[in-house]
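Starting from the given sequences, assemble the full structure and let the hints guide the process.
Protein chains in written order, with the numbering used here: chain A, 22 to 348; chain B, 67 to 391; chain C, 4 to 284.
Derived from the structure by calculation, the hints contain no laboratory data. Just to be clear, a hint being listed does not mean it is correct.
[Unchecked claim] A few chain B residues that don't get close to chain A, going by computed Cβ distances all over 10 Å:
hint : residue
1    : Ser78
2    : Ser101
3    : Phe102
4    : Pro132
5    : Pro190
6    : Arg217
7    : Arg286
8    : Pro305
9    : Ser364
10   : Trp370
[Unchecked claim] Stretch by stretch, here's where chain B covers chain C in the computed footprint (C-beta under 8 Å, at least three residues):
hint : region
11   : 49-57
12   : 164-174
[What the hints assert, rightly or not] Here are some of the chain B residues that sit facing chain A, going by a computed Cβ distance under 7 Å:
hint : residue
13   : Glu115
14   : Ser116
15   : Ser223
16   : Gly225
17   : Asp253
18   : Val254
19   : Gly258
20   : Gln259
21   : Asn262
22   : Asp266
23   : His280
24   : His287
Treat the numbers as computed from the prediction; the structure is a model and nothing was measured. A virtual CB, placed ideally from N, CA and C, is assigned to each residue, including glycine.
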Amino acid sequence: MPVDSADPALQVDALSVEYGSPADVSRVVRDVSLAVRRGECLGIVGESGSGKSQIVLAVMGLLDAHARTRGSVKFRGEQLLSATTATLNRLRGAKLAMIFQDPLAALTPHLKIGVQLGEILVRHAQMSWREADERSLAMLQRVRIADPKQCLRQYPHELSGGMRQRVMIAMSLLCEPDIVIADEPTTALDVTVQAQIVDLLRAMRQDFQMGLVLISHDLGLIAGLADRIAVVYAGRVVENLAVADLARSARHPYTAALIECAPTLTGRTQGRMPTLPGQPPSPETSDEGCAFAPRCARAQARCGVERPALSPPDAATQVACHFPLSP
Amino acid sequence: MNAPLLQVEELSVRFPDRRRRMRKTGSLAAVDAVSFTLAAGETLGLVGESGSGKSTLVRAILRLLPVDSGRVLWRGEDLLALDRQSMRRRRREMQIVFQDPLASLDPRMTVREILAEPLRIFEPGLDRGERERRIAAGLERVGLAADMVARFPHEFSGGQCQRIAIARAVMLAPKMLICDEAVSSLDVSIQGQIVNLLADLQRELGMAMIFISHNLSVIRHISHRVAVLYAGRLVEQAPGDRLFKAALHPYTKALLAAEALLDTAPRAAASGDPLGAAAAPRGCGFANRCAEARSACSLAVPAWESATPEHLVACHRWRELPPRL
Amino acid sequence: MSGLWSAARDRLRLNPVARTAFYLIVFVALLSLVGPLLNPNHFDTLDWAHPATPPSVLHAHWFGTDRLGRDLFVRTLDGTRISLAIGLFATAVSLLVGALYGAIAGYAGGRLDRLMMRGVEILSGLPLIFFVIFLTVLFGHHALLLFLSIAAVGWLTTARIVRGQTLSIRRQEFVEAAIAGGASSFRIIRKHVLPNVIGTVVVYATLTVPQMILYESFLSFLGLGVQEPHASLGSLIADGAAEMEAAPWILLIPGGLLAVLLLCFNLFGDGLRDALEPRES
Numbered sequence: 022m023p024v025d026s027a028d029p030a031l032q033v034d035a036l037s038v039e040y041g042s043p044a045d046v047s048r049v050v051r052d053v054s055l056a057v058r059r060g061e062c063l064g065i066v067g068e069s070g071s072g073k074s075q076i077v078l079a080v081m082g083l084l085d086a087h088a089r090t091r092g093s094v095k096f097r098g099e100q101l102l103s104a105t106t107a108t109l110n111r112l113r114g115a116k117l118a119m120i121f122q123d124p125l126a127a128l129t130p131h132l133k134i135g136v137q138l139g140e141i142l143v144r145h146a147q148m149s150w151r152e153a154d155e156r157s158l159a160m161l162q163r164v165r166i167a168d169p170k171q172c173l174r175q176y177p178h179e180l181s182g183g184m185r186q187r188v189m190i191a192m193s194l195l196c197e198p199d200i201v202i203a204d205e206p207t208t209a210l211d212v213t214v215q216a217q218i219v220d221l222l223r224a225m226r227q228d229f230q231m232g233l234v235l236i237s238h239d240l241g242l243i244a245g246l247a248d249r250i251a252v253v254y255a256g257r258v259v260e261n262l263a264v265a266d267l268a269r270s271a272r273h274p275y276t277a278a279l280i281e282c283a284p285t286l287t288g289r290t291q292g293r294m295p296t297l298p299g300q301p302p303s304p305e306t307s308d309e310g311c312a313f314a315p316r317c318a319r320a321q322a323r324c325g326v327e328r329p330a331l332s333p334p335d336a337a338t339q340v341a342c343h344f345p346l347s348p
Numbered sequence: 067m068n069a070p071l072l073q074v075e076e077l078s079v080r081f082p083d084r085r086r087r088m089r090k091t092g093s094l095a096a097v098d099a100v101s102f103t104l105a106a107g108e109t110l111g112l113v114g115e116s117g118s119g120k121s122t123l124v125r126a127i128l129r130l131l132p133v134d135s136g137r138v139l140w141r142g143e144d145l146l147a148l149d150r151q152s153m154r155r156r157r158r159e160m161q162i163v164f165q166d167p168l169a170s171l172d173p174r175m176t177v178r179e180i181l182a183e184p185l186r187i188f189e190p191g192l193d194r195g196e197r198e199r200r201i202a203a204g205l206e207r208v209g210l211a212a213d214m215v216a217r218f219p220h221e222f223s224g225g226q227c228q229r230i231a232i233a234r235a236v237m238l239a240p241k242m243l244i245c246d247e248a249v250s251s252l253d254v255s256i257q258g259q260i261v262n263l264l265a266d267l268q269r270e271l272g273m274a275m276i277f278i279s280h281n282l283s284v285i286r287h288i289s290h291r292v293a294v295l296y297a298g299r300l301v302e303q304a305p306g307d308r309l310f311k312a313a314l315h316p317y318t319k320a321l322l323a324a325e326a327l328l329d330t331a332p333r334a335a336a337s338g339d340p341l342g343a344a345a346a347p348r349g350c351g352f353a354n355r356c357a358e359a360r361s362a363c364s365l366a367v368p369a370w371e372s373a374t375p376e377h378l379v380a381c382h383r384w385r386e387l388p389p390r391l
Numbered sequence: 004m005s006g007l008w009s010a011a012r013d014r015l016r017l018n019p020v021a022r023t024a025f026y027l028i029v030f031v032a033l034l035s036l037v038g039p040l041l042n043p044n045h046f047d048t049l050d051w052a053h054p055a056t057p058p059s060v061l062h063a064h065w066f067g068t069d070r071l072g073r074d075l076f077v078r079t080l081d082g083t084r085i086s087l088a089i090g091l092f093a094t095a096v097s098l099l100v101g102a103l104y105g106a107i108a109g110y111a112g113g114r115l116d117r118l119m120m121r122g123v124e125i126l127s128g129l130p131l132i133f134f135v136i137f138l139t140v141l142f143g144h145h146a147l148l149l150f151l152s153i154a155a156v157g158w159l160t161t162a163r164i165v166r167g168q169t170l171s172i173r174r175q176e177f178v179e180a181a182i183a184g185g186a187s188s189f190r191i192i193r194k195h196v197l198p199n200v201i202g203t204v205v206v207y208a209t210l211t212v213p214q215m216i217l218y219e220s221f222l223s224f225l226g227l228g229v230q231e232p233h234a235s236l237g238s239l240i241a242d243g244a245a246e247m248e249a250a251p252w253i254l255l256i257p258g259g260l261l262a263v264l265l266l267c268f269n270l271f272g273d274g275l276r277d278a279l280e281p282r283e284s
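Here you go:
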């Protein structure tokens with residue numbers, strides 16, 4: 022099926038993920054919609070319990086067996102939620118790739134790097150092992166690994182954290198994917214190494230023009246890489262906006278609070294640290310009203326009863342709030 | 067001039083290098099001849115990445131780990147020379163809060179039992195009513211409701227667990243509180259709550275603090291002075307604003323550049339990965355990653371030099387390089 | 004502590020297999036206490052008129068009689084009672100001794116740990132039967148001797164398991180926090196290590212009881228355990244084995260009861276372990 026490059030490669034509509042019995046249901050993702058085209062980078066920002074990781078696990082078909090999903094996830098026009106394992110296996114790792122937070126956990130400990138990389142090419146691109154090795158070597162060079170030949174022969178635990186993450190990035194790019202999902206790719210790394218990986222991701226975006234979905238709790242990180250941001254709170258998207266005018270045009274109070282808490286954006290470093298009172302709600306809480314209301318300085322009676330919807334609907338910039346901040 | 071509360075002198079912690087054990091040579095220096103002082107009521111921010119030895123350093127100070135050489139003078143008395151009983155008695159004056167809030171609380175004890183423990187150990191004569199009152203006061207002081215005493219740690223969020231751990235640590239009003247990445251595993255919007263709480267408690271109780279973090283912005287908010295660790299060695303020490311405005315050591319500059327990098331375009335200022343304890347380098351530990359390194363840097367360990375009486379740096383070339391602005 | 008136990012109890016209640024196993028054990032135990040009182044026969048009365056009769060209602064020989072005409076209903080239930088008592092007592096002793104030993108070894112670490120575990124290893128390697136025979140020759144057949152020799156087997160494995168658990172708990176941050184808080188080693192073992200180890204110990208207990216019973220049966224089968232005219236399940240099985248072809252019920256009834264008991268303890272132990280497993284992430 023011919024793919025129009027203007028169509029989003031990944032289209033998520035009204036995705037919901039639930040666990041547990043009907044009496045005691047845990048809704049971790051509630052009615053989330055997003056779209057990512059090739060060449061653009063969407064950042065998904067949220068804190069713990071926001072459901073941001075669950076969204077992409079649902080996209081990749083990596084949720085627990087007892088998770089219940091609703092809605093639609095279309096990748097290049099194919100419906101993923103109801104896809105067979107064969108279809109998913111064909112797409113995953115090849116055209117739809119994922120980079121995980123902890124590379125040590127994500128790489129197979131007893132296989133050499135060369136084997137793990139080569140395996141992908143042999144399976145998805147039907148290459149011979151010799152060709153696969155050559156391609157892997159080339160890719161390791163592109164991700165700026167100092168001694169790629171040596172690296173191919175090593176085991177994951179012999180590499181440093183930064184190198185492992187580079188290997189993961191290389192793995193995801195091997196088959197020239199349309200979409201790469203990176204789930205907190207720098208969180209487990211040291212700050213100086215984080216900077217290098219961010220550099221690398223920027224460069225890879227330029228070179229490969231893939232769509233990149235970047236998930237993080239670090240707004241500063243996302244602001245440096247993404248074109249657009251979806252802010253997630255308690256399983257819902259509460260704001261969609263472009264990064265270009267992030268600091269100025271954030272309209273949801275939660276987004277504004279996150280910006281306050283990211284000193285690399287505000288430049289403020291003295292005095293009391295900015296913070297939000299209370300804590301995020303658990304996935305078991307009900308759907309009445311705005312989930313952020315208990316912590317919101319602007320909340321009024323309406324917020325506790327009526328849940329705000331994203332408005333304007335179907336626009337690139339949206340906010341779900343009854344009393345949004347003025348732009 | 068007040069004597070400092072804590073004086074660490076040439077503290078070294080070495081782990082035997084298993085690979086070389088047969089030849090009985092070589093060991094891995096997790097902490098290498100570190101010296102610094104801490105005054106009463108002061109907050110020292112300790113910055114470093116993985117392998118820097120910051121956690122090992124504070125555990126060695128508290129004698130939670132064996133120390134190879136050096137002295138730890140607490141109000142003039144060397145802690146390392148004390149017998150175990152005496153050391154245990156001193157512990158009420160120096161407490162620690164750990165990184166993982168849930169792991170530092172015994173999952174089988176209620177909040178009441180967790181907070182009662184310091185009282186039972188050091189004030190065994192308290193009657194039950196008085197103990198309950200102190201526990202309730204302790205909870206309130208950290209912003210938790212007193213009716214939470216009967217619950218278990220797993221019923222609380224990360225931020226709340228950390229508050230409980232802090233309440234336990236300050237129950238006996240210690241003179242020094244060590245926070246080992248105490249907010250690193252918390253959500254960004256909650257980190258501020260805990261940092262502000264610690265700052266408030268410090269003022270209220272007049273505690274000195276050693277605050278460890280890899281997150282420079284947090285360090286900036288809370289520290290009076292900052293010390294930078296790399297590969298087990300202290301490379302720079304200065305009052306807070308001075309360090310952030312006019313850092314002298316290339317590694318400090320690289321850290322600052324990395325933090326600022328994330329929303330702008332400049333390139334990362336340090337290549338490679340932080341040095342772990344695996345290599346015991348001759349010369350400067352940062353030389354292999356430093357953009358400014360020369361051959362002389364790998365030959366000798368740089369000595370402490372004073373740019374100003376309060377700003378110390380260990381770098382061979384600090385005079386030639388422009389300070390970061 | 005009560006909170007975690009009540010959560011475990013709830014989980015256990017929802018497990019039909021474990022629940023059934025538990026009720027069955029209770030039923031058998033009660034039966035072994037009450038049953039003989041319901042039957043007019045005594046365990047050592049020789050009914051020469053009805054030797055080796057199959058189970059019937061006549062003369063209240065509900066389980067039949069053995070070769071000497073002794074009522075099997077009473078003997079089997081008496082034997083069950085004795086086997087259960089031995090199993091429970093031996094388990095209790097072995098757990099107490101083993102848990103304390105293992106906790107100290109695991110917590111102390113280093114040389115003391117190595118020394119203590121070396122002791123355990125040496126003792127494990129010794130053939131216990133040899134000692135039982137030896138001691139029996141020295142002191143004669145004494146009930147207490149039987150109890151102790153069986154407990155002597157059990158404590159070794161308990162010590163190993165508790166030591167392993169202690170080692171892993173010792174590394175946890177809340178123990179480090181307790182040390183930093185000024186707690187003495189004794190206090191830490193008592194308040195932090197043992198309560199966290201108890202879960203494993205309890206599960207292990209339910210799996211040890213059947214082992215103890217089996218071991219006692221084995222000894223009795225060899226003639227080293229409970230002596231005539233008293234019976235335990237093991238000695239009954241030994242008697243029954245001799246009559247297997249002519250009077251199979253003499254073997255099948257105590258054998259079946261032993262099998263059921265062992266199975267129930269194991270199933271209950273499994274259920275208990277699942278119930279005590281910490282919350283899923």
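Results of checking the hints against the structure:
At roughly 23 Å, the least C-beta separation between B:Ser78 and chain A is larger than 10 Å, which holds for a residue marked as non-interface. Its beta-carbon lying about 25 Å from the closest one in chain A, B:Ser101 satisfies the requirement of being farther than 10 Å from that chain. Distance check on B:Phe102: its Cβ is at least 22 Å (rounded) from any Cβ of chain A, clearing the 10 Å threshold; non-interface status holds. No Cβ of chain A approaches the Cβ of B:Pro132 within 10 Å, the least distance being about 27 Å, so the stated non-interface status holds.
With a least CB separation of 36 Å from chain A, B:Pro190 remains clear of the 10 Å interface cut-off, as annotated. Residue placement check: B:Arg217 keeps its beta carbon more than 10 Å from all beta carbons of chain A (closest about 15 Å). The non-interface label for B:Arg286 is inconsistent with chain A: the shortest C-beta to C-beta separation is roughly 4 Å, within 10 Å. Remark: the non-interface label on B:Pro305 is consistent with the geometry, its nearest Cβ contact in chain A lying 13 Å away (cut-off 10 Å).
Non-interface status of B:Ser364 relative to chain A is upheld: no Cβ of that chain comes within 10 Å, the nearest being about 18 Å off. With a cut of 10 Å on Cβ distances, B:Trp370 stays outside the contact zone with chain A, its closest approach being about 23 Å. Coverage of the region 49-57 of chain C by chain B is violated. Counting CB-CB distances below 8 Å, 0 residues qualify, and the rule asks for three or more. Counting residues of the region 164-174 of chain C whose beta carbon lies closer than 8 Å to any beta carbon of chain B gives 0, which falls below the threshold of three, so the coverage claim is violated.
Annotation: B:Glu115 was flagged as interfacial toward chain A, and the flag holds, the nearest CB pair being 4 Å apart, inside 7 Å. Evaluation of the B:Ser116 hint against chain A yields a held restraint, the C-beta minimum of about 5 Å falling below 7 Å. Below 7 Å, beta-carbon pairs count as interface contacts, and B:Ser223 has one with chain A at about 5 Å; its hint therefore holds. Interface hint at B:Gly225: satisfied, since its Cβ lies 6 Å from the closest Cβ of chain A, which is below the 7 Å cut-off.
A hinted interface residue such as B:Asp253 counts as satisfied when its beta carbon comes closer than 7 Å to some beta carbon of chain A; here the least separation is about 4 Å, so the hint holds. Checking B:Val254 against chain A by beta carbon gives a least distance of about 5 Å; that is within 7 Å, so the hint holds. The beta carbon of B:Gly258 is positioned within 7 Å of a beta carbon in chain A (closest approach about 3 Å), and the interface hint is therefore held. Taking 7 Å as the C-beta cut-off, the interface hint given for B:Gln259 holds, the closest approach to chain A being about 5 Å.
Look at B:Asn262: its Cβ gets to within about 5 Å of chain A, closer than 7 Å, so that hint holds up. Against a cut-off of 7 Å between C-beta atoms, the interface hint on B:Asp266 is violated, since the closest Cβ of chain A lies about 9 Å away. With a least beta-carbon distance of about 6 Å to chain A, the hint placing B:His280 at the interface is held under the 7 Å criterion. The closest approach between the C-beta of B:His287 and any C-beta of chain A is roughly 5 Å, which is under the 7 Å cut-off, so the hint is satisfied.
Hints 7, 11, 12 and 22 from the earlier list are contradicted by this structure; the remaining hints agree with it.
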